[in-house]
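Chemist: Single-letter residue listing:
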Amino acid sequence: MTNILEATDVTKRFGGLVAVNQLSFAIPKGSIVSIIGPNGAGKTTFFNCITGFYQIDEGDIVFDGHSIKGKSPDQITRQGIARTYQNIRLFSNMSAIENILVGMEPRLTSRWFGPLFRLPQTRIEEEKALVEANELLNFVGLRGKGDNLARNLPYGDQRRLEIARALAGGPKLLLLDEPTAGMNPRETAETTEFIRNLRDKVGITVLLIEHDMRVVMGISEDITVLDYGEKIAGGTPAEIQRNTRVIEAYLGRGAAGSAHLQLNQQTETEA
Amino acid sequence: MQTQQWRKAIRIGLLTGVVVLLTCMVGMVETFNARDLIVGVLTLGQVLLFAPALYAGYLATGNDATRKPVSALLRGIVTGLCVALPVIGLIVVATVWPDIRKYFVNISPALLKILTFDQGAVTGSLMLAAVMAGMAALGALLHVIPLRFRRPLIISLAVTFGFSLFSDIPLNIANQFLERTVVRNYFGTKGITPIAAIIVFTLSLVVALYWEFSGREARVHRQATITPAQRSRNRTIVTVISAVVLLLLPWIIGQYISNVVDQVLTFALMALGLNIVVGFAGLLDLGYVAFFAIGAYVTALMTSSGNLGMGQSFWVAVPVAVAASTLAGIILGVPVLRLRGDYLAIVTLGFGEIIRVLVVSDLLKPYIGGAQGITQVERPSIFGYDIISPQAFYYLLLAGVLLALYISSRLRDGRAGRRWMALREDEDVAEAMGIHLVNSKLMAFAIGAALAGLAGAIFASRIASVFPNSFNLLISINVLAIIIVGGLGSLPGVILGAFVLVGLPELLREFEEYRLLMYGVLLIVMMLVRPEGLWPSAVRRRELHAEGEIAEHEGIQPEPVQPLM
Numbered sequence: 001m002t003n004i005l006e007a008t009d010v011t012k013r014f015g016g017l018v019a020v021n022q023l024s025f026a027i028p029k030g031s032i033v034s035i036i037g038p039n040g041a042g043k044t045t046f047f048n049c050i051t052g053f054y055q056i057d058e059g060d061i062v063f064d065g066h067s068i069k070g071k072s073p074d075q076i077t078r079q080g081i082a083r084t085y086q087n088i089r090l091f092s093n094m095s096a097i098e099n100i101l102v103g104m105e106p107r108l109t110s111r112w113f114g115p116l117f118r119l120p121q122t123r124i125e126e127e128k129a130l131v132e133a134n135e136l137l138n139f140v141g142l143r144g145k146g147d148n149l150a151r152n153l154p155y156g157d158q159r160r161l162e163i164a165r166a167l168a169g170g171p172k173l174l175l176l177d178e179p180t181a182g183m184n185p186r187e188t189a190e191t192t193e194f195i196r197n198l199r200d201k202v203g204i205t206v207l208l209i210e211h212d213m214r215v216v217m218g219i220s221e222d223i224t225v226l227d228y229g230e231k232i233a234g235g236t237p238a239e240i241q242r243n244t245r246v247i248e249a250y251l252g253r254g255a256a257g258s259a260h261l262q263l264n265q266q267t268e269t270e271a
Numbered sequence: 001m002q003t004q005q006w007r008k009a010i011r012i013g014l015l016t017g018v019v020v021l022l023t024c025m026v027g028m029v030e031t032f033n034a035r036d037l038i039v040g041v042l043t044l045g046q047v048l049l050f051a052p053a054l055y056a057g058y059l060a061t062g063n064d065a066t067r068k069p070v071s072a073l074l075r076g077i078v079t080g081l082c083v084a085l086p087v088i089g090l091i092v093v094a095t096v097w098p099d100i101r102k103y104f105v106n107i108s109p110a111l112l113k114i115l116t117f118d119q120g121a122v123t124g125s126l127m128l129a130a131v132m133a134g135m136a137a138l139g140a141l142l143h144v145i146p147l148r149f150r151r152p153l154i155i156s157l158a159v160t161f162g163f164s165l166f167s168d169i170p171l172n173i174a175n176q177f178l179e180r181t182v183v184r185n186y187f188g189t190k191g192i193t194p195i196a197a198i199i200v201f202t203l204s205l206v207v208a209l210y211w212e213f214s215g216r217e218a219r220v221h222r223q224a225t226i227t228p229a230q231r232s233r234n235r236t237i238v239t240v241i242s243a244v245v246l247l248l249l250p251w252i253i254g255q256y257i258s259n260v261v262d263q264v265l266t267f268a269l270m271a272l273g274l275n276i277v278v279g280f281a282g283l284l285d286l287g288y289v290a291f292f293a294i295g296a297y298v299t300a301l302m303t304s305s306g307n308l309g310m311g312q313s314f315w316v317a318v319p320v321a322v323a324a325s326t327l328a329g330i331i332l333g334v335p336v337l338r339l340r341g342d343y344l345a346i347v348t349l350g351f352g353e354i355i356r357v358l359v360v361s362d363l364l365k366p367y368i369g370g371a372q373g374i375t376q377v378e379r380p381s382i383f384g385y386d387i388i389s390p391q392a393f394y395y396l397l398l399a400g401v402l403l404a405l406y407i408s409s410r411l412r413d414g415r416a417g418r419r420w421m422a423l424r425e426d427e428d429v430a431e432a433m434g435i436h437l438v439n440s441k442l443m444a445f446a447i448g449a450a451l452a453g454l455a456g457a458i459f460a461s462r463i464a465s466v467f468p469n470s471f472n473l474l475i476s477i478n479v480l481a482i483i484i485v486g487g488l489g490s491l492p493g494v495i496l497g498a499f500v501l502v503g504l505p506e507l508l509r510e511f512e513e514y515r516l517l518m519y520g521v522l523l524i525v526m527m528l529v530r531p532e533g534l535w536p537s538a539v540r541r542r543e544l545h546a547e548g549e550i551a552e553h554e555g556i557q558p559e560p561v562q563p564l565m
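Residue numbers (the working numbering), protein chains in the order written: chain C, 1 to 271; chain U, 1 to 565.
If we strip away everything but chain C, and leave its shape as in the complex, we get (with noise of 0.2 Å):
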């Protein structure tokens, strides 16, 4: 299986502070990989750097066979990493159905002289942008829902929403940073099956930052663990599991040998 994303030694400083650091990481192709670790361990700003919004300091990012360091958000987006937020950001005051289109950018080629000279082609994109734009919103479970502001969603409907957003571009790689925050357990069982459906069917590769370890240990193929910006560990579900670096990472020092346990319990609460 070829990879889709390989990122090699990558580093990021803030000042002396040093977030990334020399992290190696390749996603393969049509899988599902998660990355964990305590608070602050640099998780969301690695995915920063892989969608631009940071510049990497050293080391380099290929997607899909192209380097993407330096690139700027745009260009990442257009080239096929979609992604959504820790905390919700849609366009709030935009309708669920305007949200979608926004985020189908990447495919739509109208230019914007279109609409004045109503340009057969515009009106025909515009048009089919719309059909497609509902589609995935009755595919994300929103059927009816488009003309709602999107702040005016309940909050797993706007996490779906943010979801429906990032897949309008018809993304390649999905990077979903605590898709399942917040929500309670039957909301979380759904959205997990809904990850799992997104590979299975739909065929798109999925980075997760989780830190629900029965969503984590349920989905995914393999997982990296990160603390204070280095991975520590990497492998399956079950290999993490009996890691010790990761339990005295999660616990501190010396529960390593009777905590086993305690791991799932202490990120539930954490979360």
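Because the hints were derived from the structure by calculation, they are not lab data. One or more hints might be untrue.
[What the hints assert, rightly or not] Label-pair distances were calculated between CB atoms; the ranges are:
no.: 1; chain 1: U; residue 1: N106; chain 2: C; residue 2: L116; range: 25 to 33 Å
no.: 2; chain 1: U; residue 1: S214; chain 2: C; residue 2: T109; range: 52 to 60 Å
no.: 3; chain 1: C; residue 1: K128; chain 2: U; residue 2: N234; range: 29 to 37 Å
no.: 4; chain 1: C; residue 1: R118; chain 2: U; residue 2: I346; range: 51 to 59 Å
[Said to hold, decoys possible] Some residues of chain C that are not near chain U, with every Cβ distance over 12 Å (derived):
no.: 5; residue: D9
no.: 6; residue: N21
no.: 7; residue: G59
no.: 8; residue: S110
no.: 9; residue: R199
no.: 10; residue: G218
no.: 11; residue: Q241
[As the list claims (entries may be wrong)] Partner residues aside, some chain U positions facing chain C, computed with beta carbon under 7 Å:
no.: 12; residue: P98
no.: 13; residue: R101
no.: 14; residue: R410
no.: 15; residue: E425
no.: 16; residue: G434
no.: 17; residue: V438
Where a beta carbon is used, it is the ideal one built from N, C-alpha and C, also for glycine.
Take the given structure of chain C and dock chain U to it, following the hints.
Modeler: Then chain U, alone, in the frame of chain C:
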């Protein structure tokens, strides 16, 4: 409860009194006293002095007035006395210490004469207190009148006031169609005659009463039973009628008012351009006048028959002028649009000033005339017909405004509008959605600049000359105020805003000195009462009102948002 009501009456009275005192001390009362509303009966100064007392009396008493009219009357009187108190204080101080005029130049003998009814300080003060108390008591007693009569009464009073205040408009229309001697029966040099006032008041009262008692119900009934076919026919009729009115307008209102409308349309055209930049894309541009100036100067240089000009036709100059200002927009935009918010505002402010300084500079004087400006700018002509009169320019400007409206609405509803909205909402996320920030912003900037250039081109040929002082910072502020008052992002709002902020001051020349004061008051009141503008766009309305309120309005059940853990 009782004491609370009295306290409220006193508080409102004193506050109103301070406002009245202020209008006296800035000289408004005296200046406006020279302006007749109803010839020989009422001046604007008197309204300014006494209407606040009436309103205060109305505010200070509540709906319990119907149950306890005597108590309401007493409270009204107390309110009125409180209004009078600060003003009487002014009379006393000015009488005891005449030198106060050295420090407050507007406290003139003429003002004191108005305040004391020319009866001396003591009698005058008593009279003033009595009149204020009377007005406030009247205001309080308005509550006694049942709502069905009160509303028409207030409406027709307001209509009569508006009619007499803007008597220039009906006067100019009447002059078009009626004999001068007939017109003189109804209009003074300023304001209207008592007989006209009675006619207007009676007419509007009749109409308002009719509406109150049967018109509204009839309308609701009609609305409920209307068929789609009828609705679309009605819409066609309305469109045709408004088109005919728009086309005939300059010949109805006459030359003077046409000139005012031309001024309004020039600003409306600019404001529509700025609306794309500020209202749609959310980029605060404080140097917008620069593009207007560039459009005007390019047109002047190309068409002037003087020694600075090239003697080209207006129609050749317009595209060049628009292209030049668009180019200027792009040149300024490329470096500047990487900045955000406040920084962008400051840099554009600087750019506006640079253009103004360049225009008056000695360096460019040989080419663009420095402070002397450029004169003898060609008038446009079309099919051999010269566009010279305000009426003719009206059509040119109308075409420009309609074009701007078309462009704005099409872009807003298309992909470009969506992009602008997204980057106004959240620039980072918009970029992460694949939107090229600088390009999208640049487009808004360039189109805005192009419309300002077009406005400048028409302006130059309408005035037939350009001078540097026509392009100061105040124009930028003015245009920005238009779109804020009208409603950011709202197209009808922009037009309405232009009429309110440009048309009204043109018609109320008496206000000239107090224009900025009025602006300030208007903007503060707007921000408190209607922050979304006079005619807001749907988007702004949702942004600026509490969620629950909107949800209620739109029939959506607000759902509780779970807190992030």
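Chemist: Would you mind marking each hint as holding or not holding in the structure?
Modeler: Hint-by-hint comparison with the structure:
1. Between N106 (chain U) and L116 (chain C) the beta carbons are some 53 Å apart, a value that contradicts the proposed interval 25 to 33 Å.
2. Between S214 (chain U) and T109 (chain C), the C-beta spacing of about 58 Å keeps the proposed range 52 to 60 Å intact.
3. The given range of 29 to 37 Å is respected by K128 (chain C) and N234 (chain U), whose C-beta atoms sit roughly 34 Å from each other.
4. Between R118 (chain C) and I346 (chain U) the Cβ separation comes to about 39 Å, which falls outside the hinted range of 51 to 59 Å.
5. No Cβ of chain U approaches the Cβ of D9 (chain C) within 12 Å, the least distance being about 25 Å, so the stated non-interface status holds.
6. In this structure N21 (chain C) is separated from chain U by more than 12 Å, as the shortest Cβ-Cβ distance comes to about 25 Å.
7. The claim that G59 (chain C) lies off the interface holds: its Cβ sits roughly 21 Å from the closest Cβ of chain U, which is beyond the 12 Å cut-off.
8. With 12 Å as the threshold on Cβ separation, the claim that S110 (chain C) sits away from chain U is violated: the shortest Cβ distance comes to roughly 6 Å.
9. Listed as a non-interface residue, R199 (chain C) keeps its Cβ farther than 12 Å from every Cβ of chain U; the least gap is roughly 22 Å.
10. The claim that G218 (chain C) is not at the interface with chain U holds, since no C-beta of that chain comes within 12 Å of its own (minimum 19 Å).
11. Against chain U, the non-interface label of Q241 (chain C) holds: every CB pair exceeds 12 Å, the least being about 23 Å.
12. Annotation: P98 (chain U) was flagged as interfacial toward chain C, and the flag is violated, the nearest CB pair being 59 Å apart, outside 7 Å.
13. At about 54 Å, the closest approach between the beta carbon of R101 (chain U) and any beta carbon in chain C exceeds 7 Å, and the interface hint on this residue is violated.
14. Checking R410 (chain U) against chain C by beta carbon gives a least distance of about 4 Å; that is within 7 Å, so the hint holds.
15. A distance limit of 7 Å between C-beta atoms decides the matter here; for E425 (chain U) the minimum to chain C is near 4 Å, and the interface restraint holds.
16. The closest approach between the C-beta of G434 (chain U) and any C-beta of chain C is roughly 4 Å, which is under the 7 Å cut-off, so the hint is satisfied.
17. For V438 (chain U), the shortest C-beta to C-beta distance to chain C is roughly 10 Å, which exceeds 7 Å, and the interface hint is violated.
The structure fails hints 1, 4, 8, 12, 13 and 17 (numbered hints given earlier, in ascending order).
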